[in-house]
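**Q** Using the sequences and the accompanying hints, generate a full structural model.
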Amino acid sequence: MSDKSINRDFFSRLNLFIQTHTALMAVFIAIILLIATFIVSPSSLNKVFFGNIILLTIILSIPAAGQTMVLIGGGMDFGVGAVMSATAILTTYTMRGQNGHFLQVFFIAIAIGAVVGLINGICSVKIGLPAMIVTMAIANIVTRMQYILTDGVLSGSASPALAATVSYRIFGVIPAIVMYAAIIWPITFFILNKSRYGKQLYMVGNNPTAAGLTGVKVDKIRIISYVFSGVLAAFAGILGAAYMATARCQIFDGYAYDSLIAVIIGGTTFAGGTGSYAGSIAGSLVMILLSNLLTSFNLPSPMRNILNAVILILLLMLYNRSKSVRQ
Amino acid sequence: MAIRESLRRFRRKPAFTGCMLFIIVLILNIVVQGWSTCMSGGVTAENIFAFFKPSALTSIFMSNLPFILITIGQALLLIVGQMDISIGVQIALVNVVCIMVPQTTGCPVWCGWLVGFAAAFAISAVCGFCCSVLRLPALLVGYALTFLIQGINVLIMNVPQGTVPMAYWKPYQSSVYKLFNNPPAFLKFLDYIPVAALVLIVVLLIWHFFSRRPFGKHIYAVGTNPRNAFAVGINPVSTQMKAFLIKGFFVGVAGICLTLMSASGNPLQCEEYGIKSLSAAIIGGMGWGGWGSISCGVFGGGFLVLIQNTVYYFFTLLSKLVAGFTVSSYWHNFVSDLIIFGGLLMTIVTAKEQRKTLQQGLKAQFKRGEKNVR
Amino acid sequence: MKKFIAILLGLLMVLALVACSGNGGGQQGGGEGQGGGEGQETTPAEGGGEEQGGGEQGGAVVDVKLASHNAVVEGNPYRVRYEKDIQEAAADAINYGYNVSYSSFVSNQDASTEQQQLQNSINEGYNIIMNNPVATTGLDPIILQAQEAGIIYINADCAYMSTDVNILNVVTDQEYLGYKTGTYAGEVLGSGAKVAMIAAWEGNQANTDRQRGFEKAIEEQGLVVVATGNHDWDPTKAQQIMAEILNQGTEMDGVLISQCAENALAAYDAAGVAYPGFIGFGDTGAYMQKMLEINKDEIVTPYIVLSNPPGVGATALNFALNELAGNTLKDGVFQPGYEDTHQIWIKSRVCYTDKDQVAGTQVEGKSIEEYANSFEAGDSITFWLTFQEVKDTYFN
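Keeping their order, the protein sequence lines are chains A, B and C.
Using this note's numbering, read the first sequence as starting at 1 and increasing by one per residue.
Using this note's numbering, read the second sequence as starting at 1 and increasing by one per residue.
Using this note's numbering, read the third sequence as starting at 1 and increasing by one per residue.
Think of the hints as simulated: they come from the structure by calculation, not from any bench.
The calculated lysine-lysine pairs, modelled on DSS-like cross-linking and capped at a C-alpha distance of 30 Å, are: (1) 65/C - 330/C; (2) 65/C - 170/B; (3) 237/C - 47/A; (4) 194/C - 47/A; (5) 366/C - 391/C; (6) 13/B - 242/B; (7) 53/B - 65/C; (8) 347/C - 216/C; (9) 220/A - 199/A; (10) 126/A - 194/A; (11) 194/C - 296/C; (12) 178/B - 188/B; (13) 330/C - 347/C; (14) 188/B - 170/B; (15) 47/A - 296/C; (16) 366/C - 347/C; (17) 391/C - 330/C; (18) 126/A - 13/B; (19) 355/C - 194/C; (20) 65/C - 320/B; (21) 65/C - 347/C.
**A** Written out as structure tokens, the structure is:
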């Protein structure tokens with residue numbers, strides 16, 4: 001065999017490896033970003049850095065869980081940011097810095113998330129409009145309601161107890177939020193990989209017609225994925241409010257795009273049917289590390305934006321390219 | 001009979017959805033604006049039709065033409081199965097270039113416009129390259145490019161600044177009648193035609209030329225099923241790139257109109273136009289690839305524009321009807337968004353005819369296929 | 001089924017439009033003591049609907065229609081306060097013989113909408129049009145049109161930089177805010193101290209002016225900037241940028257930030273890091289209360305409180321009323337260097353530091369604790385000049 005064919009073989013095998021082990025690739029990218037951060041700013045090797053990165057990754061990984069489910073099912077949920085902001089405001093308004101309201105806040109927030117998720121699901125699935133536009137329109141309405149109900153004024157704050165369960169550093173490094181992750185992550189893994197619902201979700205995303213023919217209730221599965229997304233986003237809003245201590249309208253709107261990109265970088269595709277939560281967690285880590293790395297460059301704002309865009313496109317090029325028509 | 005037949009044919013066109021919604025909002029707007037003006041100015045024929053007052057018509061056309069043009073561009077991209085949410089900041093790029101090039105190099109204004117067009121084509125080519133050639137997800141490419149273009153905008157122009165000579169923006173902001181120096185009285189009806197409307201008509205005529213060529217059919221083929229189109233010999237990549245470049249032309253015109261409307265430059269404007277134009281196109285009746293037409297974009301854009309105007313006059317009217325009524329601007333925005341959501345849902349009613357058409361077309365394809373097999 | 005849902009939702013659209021009238025009426029009454037949650041109703045905290053009612057207070061009362069145009073209100077406590085202060089000033093104007101009716105228009109940072117709304121206001125025949133513009137240029141045509149129609153057009157808060165129109169620009173002295181903060185930081189930390197500089201929105205004129213002040217002070221005091229960022233006046237971003245700067249572990253003596261200081265401190269809280277050696281400036285209730293809490297027993301973190309008063313809009317209204325009254329401006333009121341854009345820079349009135357806290361200085365007639373605690377968390381310090389104060393200081 002000539003050298004050229006060995007090279008070609010190697011590259012095509014490498015390409016195949018990249019395409020099939022997307023979650024691993026995301027972890028690999030995260031490690032590269034981590035090393036780059038330490039090279040650019042050696043003083044980053046400190047416990048504040050690790051604590052913050054873990055905390056923010058976990059907060060992002062929660063709406064990313066819901067987004068993963070929705071994307072696997074073949075939809076898209078743009079309402080994640082609006083629901084997070086809404087429950088964050090609910091948290092600070094109800095708690096007003098006093099302990100003891102957590103259960104009340106928790107149940108109302110979950111209810112809000114479930115209702116919005118249900119509306120999202122029904123409108124995207126039953127009515128047949130593109131999921132992106134519909135969830136965006138509903139997110140707009142949720143956002144406007146935030147303003148009307150609060151009159152645009154921020155007041156109140158999360159209770160100190162709740163803030164401690166999120167930000168307190170165990171051994172001085174690990175933020176207490178890992179306790180929440182220890183509950184939510186395994187549940188998500190179980191739902192996606194082990195439960196019957198998860199298997200049906202993958203089937204629905206892969207080939208809805210075939211899934212329907214085998215007796216899977218396609219619409220119901222999809223709507224449930226939206227409800228999951230709403231509930232998870234609502235819970236993330238509570239934790240986010242505890243992290244920020246105060247909240248204002250539209251505070252977490254950026255999480256709509258952030259969760260989407262994190263999930264895509266983690267290997268899930270818009271077409272549905274593939275993806276894993278491990279990849280989404282790795283994708284969340286990549287997003288947080290990327291933002292941190294860009295800040296450490298100390299660039300003026302326009303240069304930072306341009307660099308952010310270029311890196312994002314490079315990341316997408318790695319393994320998010322759809323199949324060519326020739327294949 | 002002929003009328004009923006052509007009406008039924010029209011109902012099957014994709015633009016029917018947008019047209020119906022547009023007409024409903026237009027009537028609502030005329031009524032509310034007229035009523036509101038009558039309340040403060042007294043009931044006269046002029047006030048009842050306050051919507052059609054030349055200054056009001058000109059103002060609404062010339063300030064919203066950039067948005068309508070980019071909705072048209074977005075509709076074109078939707079036909080070929082792509083989308084571009086950075087289209088808003090792209091017109092800001094054209095605006096910034098059109099101002100800074102004459103300002104820093106001293107070349108004449110129209111030179112700056114040519115460079116602006118070149119910038120629009122360049123950035124559309126980049127977007128097309130990422131979406132068609134590299135086949136990256138269009139939504140995220142648009143998101144990334146928004147950052148890129150905003151960064152470039154601020155690098156070119158760091159603070160809002162600049163002017164445009166009056167000789168350029170005065171004609172754009174007036175009606176055809178006012179273009180003449182001493183027009184004869186019988187041409188007064190031209191006062192009701194804003195120059196911006198002429199610009200829109202010219203752009204649509206240019207598109208009409210393109211749509212008559214094979215390209216006009218290819219975009220539908222590529223949008224519906226790129227693989228099948230490739231099998232028939234249509235190159236999806238080149239068709240999509242051409243679509244992006246034509247969209248670049250629309251963006252260029254929109255950017256120049258924006259420059260003439262504001263007579264200045266602002267690097268950080270129009271970001272939200274990207275998503276809004278997408279919503280507007282969908283409300284106008286566009287589908288995701290292969291379904292819809294440019295007129296969907298026109299009607300959808302018009303719908304969104306008139307909604308803003310209607311809500312504004314509606315609340316002004318309410319404050320005149322009910323003494324001491326003031327409502328925070330949060331309600332304005334809430335009602336606008338609720339109506340837009342309602343508009344989206346209404347598309348399914350008006351789309352009933354089209355779904356029938358689609359089903360019939362699909363059935364015909366299968367049936368024909370069977371005949372051949374036998 | 002689908003058709004049913006669609007018709008139902010069409011009805012919802014119409015109902016929403018109708019329902020707003022009921023809600024609007026409901027909002028009129030219960031507006032008082034919500035500590036800042038009144039939105040934009042006709043009844044400001046102390047006024048009582050004098051705007052739209054009759055001006056029964058004798059003398060020749062002039063009816064004035066005011067259109068207040070704003071680039072953004074949603075999500076921006078500064079702008080919300082700006083609008084409320086204008087309402088208060090409008091109600092106060094009755095004492096000087098003006099019955100001012102107030103209407104607010106928000107363009108959501110969209111230049112097209114702003115143009116259209118201004119055009120509508122001209123057509124509707126308002127007497128005073130006040131604008132807090134989206135961009136610093138671009139409204140020349142419409143301004144000329146308004147002036148031709150005899151309307152008083154005045155620009156507030158964000159300067160309008162065109163030299164081709166003759167309108168008043170009533171703005172806060174932003175350069176002073178940056179300069180004073182940087183100078184005090186230098187006094188506290190000494191030359192050679194390392195600071196983080198977090199600016200606001202790059203591309204915005206107010207930010208550019210403020211940063212000029214910061215940079216001048218930094219140079220004069222010999223401070224060293226070791227970390228930078230932009231928070232775009234977004235509290236979430238402010239906390240995020242501060243957290244990322246903390247992540248880098250760079251040694252810092254103090255933090256210079258262009259408002260949103262309370263969010264920077266939240267980043268310190270969340271990371272469990274000791275507070276910085278200096279922070280400034282901030283102007284909200286949350287910031288003042290936090291600094292009092294941190295420095296309860298002894299001064300842990302020196303700080304400075306400066307006011308970027310949203311009341312600049314209300315002050316601008318009183319300038320416009322003076323113009324309406326036919327008063328002429330004194331000579332030399334324009335800011336040196338900005339005469340061609342007719343800018344009047346209103347200096348910040350409230351300024352106190354940790355030194356004042358220790359010394360027990362009074363602010364606005366109250367002790368610092370009283371003063372700080374009288375604010376809601378999100379409320380910013382504000383003040384505005386009354387009609388008479390403006391007349392005495394700036395007009396003949």
